[in-house]
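Student: With these hints in hand, go ahead and build the complete structure from the sequences.
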Amino acid sequence: DTGVSQNPRHKITKRGQNVTFRCDPISEHNRLYWYRQTLGQGPEFLTYFQNEAQLEKSRLLSDRFSAERPKGSFSTLEIQRTEQGDSAMYLCASSFVERGNEQFFGPGTRLTVL
Amino acid sequence: RKEVEQDPGPFNVPEGATVAFNCTYSNSASQSFFWYRQDCRKEPKLLMSVYSSGNEDGRFTAQLNRASQYISLLIRDSKLSDSATYLCVVTPSGTYKYIFGTGTRLKVLA
Chain A
1 DTGVSQNPRH
11 KITKRGQNVT
21 FRCDPISEHN
31 RLYWYRQTLG
41 QGPEFLTYFQ
51 NEAQLEKSRL
61 LSDRFSAERP
71 KGSFSTLEIQ
81 RTEQGDSAMY
91 LCASSFVERG
101 NEQFFGPGTR
111 LTVL
Chain B
1 RKEVEQDPGP
11 FNVPEGATVA
21 FNCTYSNSAS
31 QSFFWYRQDC
41 RKEPKLLMSV
51 YSSGNEDGRF
61 TAQLNRASQY
71 ISLLIRDSKL
81 SDSATYLCVV
91 TPSGTYKYIF
101 GTGTRLKVLA
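Each protein sequence line maps, in turn, to chains A and B. The numbering used here numbers the first residue of the first sequence as 1 and each following residue consecutively. The numbering used here numbers the first residue of the second sequence as 1 and each following residue consecutively.
Note that these hints are calculated values from the structure, not bench results. Honestly, I wouldn't trust all of these hints.
[As the list claims (entries may be wrong)] Only part of the chain B face toward chain A is listed, based on derived beta-carbon distances under 10 Å:
#, residue
1, Val4
2, Val19
3, Ala20
4, Asn22
5, Phe34
6, Gln38
7, Arg41
8, Lys42
9, Glu43
10, Val89
11, Thr95
12, Lys97
13, Gly101
14, Gly103
All residues carry an ideal CB built from backbone N, CA and C; glycine is no exception.
Tutor: Structure (structure tokens):
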């Protein structure tokens, strides 16, 4: 399967714990995006990378959230001191600069904060 | 006002019907436009890009009206398998991030 992959698929944690999610984009894709989706809403943009450079971050991304893409391949999204309001589906997408802005999404990581 | 607005529905239509969804956007400098389909508890999947000249893919037709700042999706001869949420997506000028609408739910009934 050469699509976008995300791990873990589900994460249940207690309030105050730290969690980290991983995204592996489609191999030749140089842009990588993170979004968050809650029930009944469309996905909301969090941040994106072009290669290893983080080019934009949403105001939604508080200082408890950090994302990295150290070698321009996979990316991690860490949430520190989780809160119940962080419960959501975290979606990763990737795109190839040379082929416009069509983004392809991974299956998501569903986070539940108890 | 939301940047991208859609009627959340649900739209309940019989098999074989034609159904149309509209989506409005507030940023007149927006540069690219898409429709995505999302099944329950799954990731969004690209349905089609939307161009000013309009584009068609089988039973699906998408149109962009820049003057009125809306995009539309028309589905002809609806199938049960078309039941899903349809997400309108806009990319503002100067960025590559997506701005999504809330989605329109479609249920095609037998």
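Student: Each hint: holds or not?
Tutor: Verification of the supplied hints:
Checking B:Val4 against chain A: minimum C-beta separation of about 8 Å stays under 10 Å; hint holds. The beta carbon of B:Val19 is not positioned within 10 Å of any beta carbon in chain A (closest approach about 19 Å), and the interface hint is therefore violated. The criterion of a C-beta within 10 Å of any C-beta in chain A is not met by B:Ala20, whose closest approach is roughly 19 Å, and the hint is violated. Hint status for B:Asn22: violated, given a least beta-carbon distance of 15 Å to chain A, over 10 Å.
About 7 Å separates the beta-carbon of B:Phe34 from the nearest beta-carbon of chain A, less than 10 Å, and the hint is met. With its C-beta approaching chain A no nearer than about 9 Å, B:Gln38 sits inside the 10 Å limit, and its interface hint holds. Checking B:Arg41 against chain A by beta carbon gives a least distance of about 8 Å; that is within 10 Å, so the hint holds. Residue-level restraint check for B:Lys42 holds (minimum Cβ-Cβ distance to chain A is 7 Å; threshold 10 Å).
With 10 Å as the threshold, the beta carbon of B:Glu43 comes within range of chain A, its nearest partner Cβ sitting at about 4 Å, so the hint holds. Of the supplied interface hints, the one on B:Val89 holds, with its beta-carbon coming within about 8 Å of a beta-carbon of chain A, less than 10 Å. For the restraint placing B:Thr95 at the interface with chain A, the shortest Cβ-Cβ distance is roughly 6 Å, inside the 10 Å limit, so the hint holds. Given hint, B:Lys97 at the interface with chain A, holds; its Cβ is 4 Å from that chain's nearest Cβ, closer than 10 Å.
Because the beta carbon of B:Gly101 sits about 5 Å from the nearest beta carbon in chain A, less than 10 Å, this interface hint is met. Interface hint at B:Gly103: satisfied, since its Cβ lies 5 Å from the closest Cβ of chain A, which is below the 10 Å cut-off.
In terms of the numbered hints stated before, the structure departs from hints 2, 3 and 4, listed from lowest to highest.
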